[in-house]
Amino acid sequence: MHLTVQMAAGYGVEPGSWRWPGENPAAFIDVDTFVKAGRIAERGLVDAFFMDDRPGITNDLSGEPPHSGLDPLVVLAAMAAATERVGLVASVSTSVNEPYTIARQLRSLDHLSQGRMGWNVVTTNAPAALQNYLASAPRPEHKHVRAREVWQAVLALWGSWPDDALLLDVAAGRFAAMHRLRPINFRGRHVASRGPLGLPPSPQGMPVVFAPGDGPYGFRFAAPGVEAVYNQPLDLAAARRYWRTLSEALRRQSRAPDEVTVFSSVVTSLASSEREALDRRAALDALGNPQARLRQLAAMLGVEAGQLDPDRPIPVQRLPQRVPASADPRAQRAYALALQGWSLHDILAHGVLGHHPVAIGTPEQVADFLEAWFRADIGGGFTILPDAGLGALTDFVEQVVPILQARGLFRQRYTGQTLRDHLGLPYRNGPVPG
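Each residue of the sequence shown is one higher than the one before, counting from 21 in the working numbering.
Hints are supplied without guarantee of correctness; some may be wrong.
Pairwise CB distance ranges (calculated) [said to hold, decoys possible]:
#1 D397 to Q337: 39 to 49 Å
#2 A101 to Q327: 50 to 60 Å
#3 E296 to L429: 20 to 30 Å
#4 D80 to D234: 17 to 27 Å
Hints were generated in silico from the structure; no laboratory data involved. Just so it is clear, CB atoms sit at the ideal spot from N, CA and C, and this is done for glycine as well.
With these hints in hand, go ahead and build the complete structure from the sequences.
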């Protein structure tokens, strides 16, 4: 089993987590919070700490923190200096960055971390973010063509400095074999770069290449050379479908499915019992906008929130005979929980309004959840999203990881130094041959 950890802007995944007792409400501008998180993740032997990025204000800040805060690459530089083994992965957009800048910044961080960097290759979709860089939003097809061009150019730049070009022969006065440094002369429809890059390979060659898993474009993009994928399934069935579809796409590109690790996102909510874990989530929910969420859930179920006690089971006669016709795939789960006798507050506590599955309960129950998914063949990995910041991350590391280790599902120690070592990937420097 492979594990990465993500803490959005330094907080837990729940909108009200910035108000949770013991958490730093200013975490989004506090690098020490991230350094502490990196050290906790390293103590838990996780593969990597992952930072997403939305460069701009893309949500209403009147009652919750921004989706992104400090520049991920700046934060990861600080984390690299404060940790020794845990991998460091950043989303860097192909929509608003040039290939040479991406190649140089990520290779610099790969050297700073002694070979622990990964690049999550993403496009920027939020209009509020795109407008910070571009005069007009690109059409989707142009954005995807540019993404592929940037990706190809970055990998070519990383490969433009061969492994044997750095000599450092002090006695002979030979620093590098200049004739081995190759311009890439890349020219596409949207980007161009001459090269070569001004930095040699890192201890792992180049950063591990990740891609987001949503949409058909993700399948096409992953096939040629992406080494890991971040997926956001709503449930186990969706995770299995995704892995089957991705495996077929990889085989069409003459790649073995086990060459790629899929990290499925899972929210974790821990307590000494399932009831206490649900109460914990209800308390977190109360720190956000609970009335709006109750109305959203009621509409999803086809009932009137004002006519129900949110702390008592929903009378079956109040529910429609079947789940309301809805384009929202979360409605089916909410309806099933209502039929089981859960209250509106408890249904919310199960995480039905979120876009990630939620592992709720004791450490053993959370470990059971992860094991069941892992054994269901979904691609081998998880991205852990703690519900409430550093405290929740510490609980996962100290309470769940030892159970996974005792079951033989997770490593007892790091056996290598680089992120490629952690993921079982070979040394790589540049595009895939052929």
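Hint by hint, here is what the structure shows:
Between D397 and Q337 the Cβ separation comes to about 41 Å, which falls inside the hinted range of 39 to 49 Å. Hint check: A101 to Q327, Cβ distance near 57 Å, so the stated range 50 to 60 Å holds. Between E296 and L429 the Cβ separation comes to about 25 Å, which falls inside the hinted range of 20 to 30 Å. Taking 17 to 27 Å as the suggested C-beta distance range, the pair D80 and D234 conforms, at roughly 23 Å.
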